[in-house]
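Starting from the structure of chain C, add chains Y, A, P, Z, X and E with the ligands where the hints point.
Protein chains in written order, with my numbering: chain C, 1 to 207; chain Y, 1001 to 1163; chain A, 2001 to 2145; chain P, 3001 to 3309; chain Z, 4001 to 4608; chain X, 5001 to 5401; chain E, 6001 to 6138.
Note that these hints are calculated values from the structure, not bench results.
Quick reminder that beta carbons are idealized off the backbone N, C-alpha and C, glycines included.
It is possible that part of the hints are untrue.
Facing chain P, from chain Z, some residues (calculated, C-beta under 10 Å) [said to hold, decoys possible]:
1. Tyr4051
2. Ile4122
3. Trp4363
4. Ile4382
5. Leu4390
6. Asn4423
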Amino acid sequence: MRVKKPKIRELKEAVKGAFSKPYTTDFPYKSHTPPLRYRGKPEYNKDVCVGCGACFQVCPAKAIEMVDKIENHTATRTLIQHPSQCIFCGECERNCITKEGIKLTTKFDIAYFNERDTLDSIEHKLIICQHCGTVIGTEKHLQWVLKRIGNLGFAQPVLLTQLMEMLKVKTDFEEKVVTPIQRTDMLKIVCPKCRRIAFISDEKKGR
Amino acid sequence: MKKLFIDYDRFLNVPDDGIRCSYKMHPENNGIISLREEIAFLFACRRCEDYPCVNSCPTGALKREEGIIKRSNVICISCKTCSLACPFGTILQELIPRIVSRCDVCIGRLKEGEQPLCVKTCTNGALGYIEEEEIKDRTDIYTIGDHIIVRVFNWLHTYGIKK
Amino acid sequence: MKEIIELLKENLGNIIKDIKVHNDKRIYLTIEKEDIKSCTKIIFKDRNARYIIASGIENFDSFEILYHFGFDKSGTIVSIRTYLDKEKPEIESLTDIIPGISYIEREMWELLGINFTGHPELKHFLLRDDWEKGNYPLRKETYEQ
Amino acid sequence: MSAIYIFLSFVMVFLSFSICGMLAMWMDRKVTARLQFRVGPPWYQNFADFIKLTGKETLIPEKANTFMFIAAPVLGLIATTIAGTIILLILKNQVSFSTDAILILYLLTIPSLSIILGGSASGNVLAAVGISREMKLLLGYELPFICTLVISAIKSGTTTSLGSIIQFQQQNGMILGSFSGVIGFIIGVLSLQGKLGLVPFDLAEAEGELAGGSLIEYSGILLGLFKLTKAILLIAGPLLLISLYLGGFSISSITGVITGILKYILILVLFILIKNTNPRLRIDQTLKLFWGWLTLLGFAGILLAIAGW
Amino acid sequence: MNINIWFLPIAISFGTAFVHLIIKKAGRNVRKWVSLAGALAVVFSCLYSMYINYNVLSSGEILGLLFAILISFIGLFSISFSQWYNPEASFVYDGLLFLFLGGMLGVVLVHSLIALYIYWEIMTVASFFLVLFSDTDEARKASLKYIIMTGAGSIFLLFGILGIWLLEENILWKHIFFFCVLVGTGIKAGIFPLHTWLPDAHPAAPTPVSSMLSGVMIKTGIYTLIRFYFIIFKPSWSIGWETVMMILGILTLLGGVFLALIQHDIKRLLAYHSISQIGYIFLGIACGTTIGLAGALYHTINHAIFKSLLFLGAGVLIKATGSRNLDDYGGLAKKLPLTFGVMTVAALSISGVPPFNGFVSKWIIYQALLTKNNGISTFAFIAALLGSVLTLASFVKVINDSFMGVRKKDISAEHFEISPFMNIPLVLLSAGCLLFGLFSGFITERFLFPSIGEYVLLNIELIKMASYYGWLAISILAVIFITGRRWIRRARKTDTFFGGEILSSETTAFDGTHFYGTVKEITPLKKFYTAEVRGILDIYQVALMSLPRTGKFFINIAVKAVDSLYTRGSIFLNSWVDRLKLLQNGLLAKYLVWFFAGIIIIMEVIRR
Amino acid sequence: MNNKQQNTKKVVVPIGPYHPLLEEPEFFALYCEGEKVVDVEWQAGYNHRGIEKLSESKHWDQVTFLVERICGICSTSHPFAYCNSVEDLLGITVPERARYIRSIIGELERLHSHLLWVGLAGHFLGYNTVFMWAWKYREPVLDIFEIISGNRNHYAMFKVGGVRRDIENEDIPKIRKVLGELKGQIEMLTGAVLDDPVLAARLKGVGVLTKEHIKNFGAVGPVARASGVDIDVRRDDPYAAYPLVEWKVITTENGDVFDKAVVRLLECFESIKIISQCLDAIEGKKGEIQGEIREVPPGEGIGRHEAPRGECFHYIRSDGTNRPVRHKIRAPSYVNIPTFKASCIGQTIADVAIILAGVDPCYCCTERVAIYDAEKKKKLYDFKYLVEKSKEKTEKIRKEI
Amino acid sequence: MNLKTKALKKSLWVYHMSGGSCNNCDIEILDCLTPKFDIERFGMVLVGSPRHADVLLCTGIVNKKCVERVKEVYKQTAKPCVVVAIGSCACSGGMFRDGYQMGGPLDTIIPVDVYIPGCPPKPEAMIAGIVKFLEKLK
Ligand code: SF4
Ligand code: SF4
Ligand code: SF4
Ligand code: SF4
Ligand code: SF4
Ligand code: SF4
Ligand code: SF4
Ligand code: SF4
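Chain C on its own, in the form it takes in the complex (with noise of 0.2 Å):
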């Protein structure tokens, strides 16, 4: 290897490069499109995130908002991402439940000079419970696990009721449960603890 043939190899590296083309880009003149699989700006995708929040649980970088709104009677669910704080590791893609719900596109060019402008946000409806008022799911989430697990869910008033939604059929669930939860109310819409409050109830009473 060591030939001695100083600055021979650089003269001739430096004759190539004068008179080749240049590596360099056009790039700001033409446009760039990076590889298939580029880890650029991570969105939403409207129709397919059903909102369970598991890409803002994983999300190393936090860089996932997600903000339950409950106004009386309309609770909404909204999740924004962040690209100003996303590492772009693409955890959030890989984990989504749905597995297309949030992807990274290969969108680079993502520079901003306000943080409002870069955001990526979306909305769901989320399904409280009628007793005391928490957060159960959005409502795609329930139709998505009846989905997925089928007549399995049909144990669960909650899902039960999001199927008759989805079937378009009336319910009248929509009355306020009274307090002191009852074993009856657990098949209205209530959250898993006042279900299990619920189904304690008069077994305990049975006691």
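Relative to chain C, chains Y, A, P, Z, X and E with the ligands alone:
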């Protein structure tokens, strides 16, 4: 020997972050959550035949071992699907966090007469640090391991099914 | 691997409190903190182990320092574990045996609050010089009452 | 030669040399870029740089000596321009005085001096390291550069008048055509490389070590002036070398201009090649190179020249 | 020609010295004005005699008068400066100053060689006591070295003079005499191997005295040499000497400047620069041509101007900071703007930066060397150019260290530039630097050529053109500054950039120690410097070392001598009247014996 | 004799924190006499982000991303070592395909990192041509990364128990092509560096480290190998696919910067060799790339990886939850940088640059430990707060200036 | 738009400082200089001193030790200058937001003109970001 007493069902009314924990090896650790999760799967779960929870779990984090559901805390992504799927309200959403906590029942860390921090900070008596005798007469008492006593409405017990 | 255990036993037989063989390539020894100097002298100077790093950990009732040494011929790592007092964590500095250990000792000093006696320049390394005293970032939180 | 005439040529030299110098700098950057497989800057780059610098705020370090800090770049610029003027007047009229080459030599050290004074005035330690290097560099290249001058002077019959040197060459062919001429030319190119602060000898501004070195504290227009000085120097230096060795640069005829430009480009290309195939030298190595090999070579050249080779 | 006017300057000097002796009890304030008046009178008398005699003088006389004017001016400035610098000095000091002045004037003004020798000795003795004046250890050692070396020089000179008196046609003798003269004057002027008293004596002496020593006294050596070389021994026969002198010149020039490069003591540094500048002058003389002579003369004048300016400026620094070490300075430009200005001007001048005066004279010397056109002169030319760059390098260090950067301690307000005694000389001298550069054509034509006696084949046009460029540059600078003043004030001030780190300025002062570290490390130079450190280059030391026995003996004597000399010397200084005691024993006695013996011999010779 | 009593005052020449020599902020105070360096003080912490502490609050899976972001240059070596350490704790081996993929990624990274080093070293030497060329040759490697992992630098390939992404079979020819080109280019570069007399003058005998130094400071990687200390974790403690392929460890004897360059350049060829063999092994096959890990039991584990700069060492301890209790990271630079002190003293400022480069220091991973704010349990900055605060501050500063 | 702004747009000199980054952003900045991207095409060069800079490229979370330094450098930069936050770390703190050493995202310390998120942003993204800014400048 004093043991940690947990009244599981009372927890249902305890506000989420009311209880603190002195297991400080991790930031934001609250050991009681992991205990509750374990208790839930042990006692509150109804052992459904075809476990909607396991079937619904998109990652396979839930698994049934010897009849008891186990959640892998490494795999679970805390998507709450199982919670939605469970017909009996066993899996509470706060019990399946992404980052789990740990409780060592404060073994070896308590001074004479001192109570664990969780007991001290629990306001509605869901927790206690007591001698086993004190609660002998109460119903629904179960022991887990050497250090924990649980009072939970146990469906299995009520209906005569042994663990 | 076997030889290394033999070798350790032979050289440090009276010092070793406990030996834990995790697997083929990982050996954990426990010794008293007073013996650390003689122990490293033997391992580092006489047995030519490579100094890798030391890591400090806070446990509930003690501080723990692991000195990791590598035997590169066999790819074995020997970690020497010592426990320090919780109240007054202090141990002899090894800078005169292993010059390169100076930085990690400084680091443990500022991040964990372990005092290394005989260290030539215990001063801030990673944190700002005006870092608040008694705030040791790597310590677990102290009990809240 | 009236004062007005000199003044006018001064202004003209200032304008034309700085424009040409910037173009030369562009060429340097462009060719460098091409050697490195890059595209390189557009032709107006250096003008844009300069105009931008005039628009920027000028910062003066608190610890600096304000007067010197500002005077230094101006001084360097004026001196270089004067050197350029002298060279140009000589080239134009082909008349000159004895020993004007020495005057030019002296004037050409002033840019370095101005960098040194400016760096010194800025009160920055990195600048101080930079200027101490620049100074040593100056010490270094001056000796071989003098040899260059002397060789040419001896070859053309012991005159240090540029005009006569050029005339001599017009009659007897370029000095480069002889042994000592080649030696002198090589030394001259290398010393000029040092004077211009191009790569093997850019240790005063060593980006990698000194963060801009002697110019570290300069900003805005003052920095612009330094760049301008460099640009003018990039013309004046090679012109001197052309006059000494390549038979001058005749600006009276088209062919003269064209051959002159070719000569200039030859030197520029040499610069660029040297610049791009060498790492920066350490200061002691630089001094050793200049005071050792090149000076010995220079002396050999002088002896050869005296012997008439 | 009016002989009275001719000797008026000398008489005035001695007279003032005497006046000082008389009014010794008077306060410093009185003596201050007496000194100034005396010095002014000397200056005017010199100018006056130049003025009225200009047309009738021969070239040699003009030369002498030129030197006299130079001496008187520098004397005036130094004396004025020393009023500020040594406010507490006793009458002895003032008296000695005038004695010294008178001696120097005598050397350059008298016609007879014998008288020259006598004045020479007066000058030497007076300067000896002035060097000794501060009476520190260093001063004692330096003055002893000085007196021994110059004493030896005097003997050589005397021998030379005698030889000329006996002037034989024998070439060999002529050469020997010339050698003696060369050594004699060379020691005074500080030619390379004989220079070694200079870097010791200059720092030891009070600064105004060093300014005179370096500015003019060593020029008397040059003057004498010129007289001998050009007027008495004509260059035409001395072909061999030319080469020798050329080599000596190169050595002096490079040796001086290389040693100066690494000095930290500002006065020592300046002293070494004096040596190297003498090298230039010597080269000029060595050419033996009129151009060379013109260059040498011009450089002599210029050197006197900028070197005394530098010494006086250094005096301000020393006074302000209480140290001679460059490393203790720094950041003084803010506090001492005037000093900064004048020192910069002087530094640029001495380094030969156009358009200052140093450039012009060096340039003439280069021309001389080139027109000489033999091998050695080519190398001398290269050496001279290199020396000029090295000088620049060295002064960059001085300016950088003392004025730029940061000051660690503050200096007290009384050292600010408030005294006119100090400011006016500085300003005038620096104006001189500029004017002698800008009006070089005029000066060469009107003063130098007459003193050489013929019109030199020198391109005055070019010199004028160069000064034209100087004007151009200065006016452009001025215009820029006047127009840019507002803009400068607008510029924002910021901290220094250290990569964002906040560092104290002390730790980052990159000063002299560090400046030329690398230069020292280069192999041949390293040897040179170690040699210098070990004292091999110092013939005084070598003499002491290389003659072990005599050396021992010498040292024994020297020790004794030094002992007695110190005690005596200080007593002497304290009581001028008691000086006769000195003759009892000791080295000075011996010296005086030589001196008087010399005079007696000369008398004898004259009588014959 | 004034020269003798020359006072030995030292001047501090600052290198850093922001200095073109350093990609990252770091501060070296060079105590100099003239250009000669007589002492060096290393002040770190400008890059300290507290990763060790942050790691205690992150999920085992998330920690990979955290440790990946310790450093960008060899962004895979930390996840690599980390995964090794967790696997050591668990006592499992990863599927074979994953092992090959790991090795490929590791070696590709070594390639790009060494090329980057060559370029930077050239840059520090003022040899910009080499800088440009080396970085140009490096570019295809990054493109490969972009193709197979989706990002040029932080590849996010590693996962405890396997790899996250597969290398698709259709990408393999592309990798091979790049490797082929690279080989020629590196050969050219190697030749150019080895033969250049000027480079040799600058590099030979500069910053020499003896075996003793290496031992005392525990230096690793090319720095140690250049001094003739024959260590390489890949061979000594085999992991991933390294025991399955043919390659050799490069060592040289002199320990100067020149040798460090030689070691790095020659290692590139070994890397190319390893990658080709690994590609052969996985080409056209299918296979598991992840093992399933359900639980991380309490225990401790040590993982090592031979990063481009040397042995990367991770120690983790688990208490049975899904985040580490203690995560100690020892980056190669941590032990390599102190050698800089030994090799710098007595050199000139100009050489310090290249000696520093010779160590190939990266401060980011040297300074990873961190602090978690105990008081505020919530996020330190919520989003609105951030925006507001920044506006406020900005206004204030704008006014100031 | 006057000549000077035009010139400024054609000749942006970049100073790069890192306030506790993972290095990658910095490397990508350097990468912009190299043949593939060659920002010298647009007249951008990397300078060694903030005095010469028109653009401050800042990366990293700006940890507590760096805060002062970053401010200092900003003050020492000749205005007008553009501050660009490169990488998610600089834009918001990215992954390290909760760490104690976090001195605050860049914009809480100095005014930021352009944010270029990404971890690291690919050189194209940086170029595109700056181009975007220049367009805004009109
Ligand atoms: S469905 Fe996917 S994208 Fe939507 S919230 Fe769940 S994990 Fe996120
Ligand atoms: S890509 Fe990673 S950092 Fe970004 S939102 Fe998804 S999980 Fe979070
Ligand atoms: S609650 Fe009663 S009716 Fe309903 S499913 Fe259970 S057993 Fe049947
Ligand atoms: S669905 Fe609920 S009750 Fe049924 S097995 Fe699962 S956790 Fe138990
Ligand atoms: S929360 Fe965890 S266990 Fe439950 S479904 Fe989701 S992944 Fe499975
Ligand atoms: S027993 Fe101790 S460790 Fe367990 S939850 Fe209570 S405080 Fe925490
Ligand atoms: S050694 Fe350097 S390149 Fe490698 S991970 Fe550490 S900081 Fe990064
Ligand atoms: S944004 Fe990403 S790549 Fe950039 S410094 Fe931060 S962690 Fe590194």
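Exercise for review: Go through the hint on Trp4363/Z and say holds or violated, using the shortest Cβ distance to chain P against 10 Å.
Suggested key: With Cβ-Cβ at 6 Å, under 10 Å, it holds.
Review point. For the hint on Tyr4051/Z, does the least C-beta distance to chain P fall short of 10 Å?
Key: violated (32 Å)
Check your understanding: Is the hint on Asn4423/Z kept, meaning its closest Cβ partner in chain P is under 10 Å away?
Key -> Violated, because the Cβ-Cβ distance from Asn4423/Z to chain P comes to roughly 18 Å (cut-off 10 Å).
Point to revise | Hint validity - Ile4122/Z Cβ closer than 10 Å to any chain P Cβ | key: Ile4122/Z check fails; min Cβ-Cβ to chain P is 41 Å, beyond 10 Å.
Exercise for review: Have a go at the Ile4382/Z hint: is there a Cβ in chain P nearer than 10 Å to its own Cβ?
Suggested key: holds (5 Å)
Check your understanding: With a cut-off of 10 Å, does the beta carbon of Leu4390/Z approach a beta carbon of chain P closely enough for the hint to hold?
Key -> holds (6 Å)
Taken one by one, the earlier hints fail for this structure at numbers 1, 2, 6, listed in ascending order.
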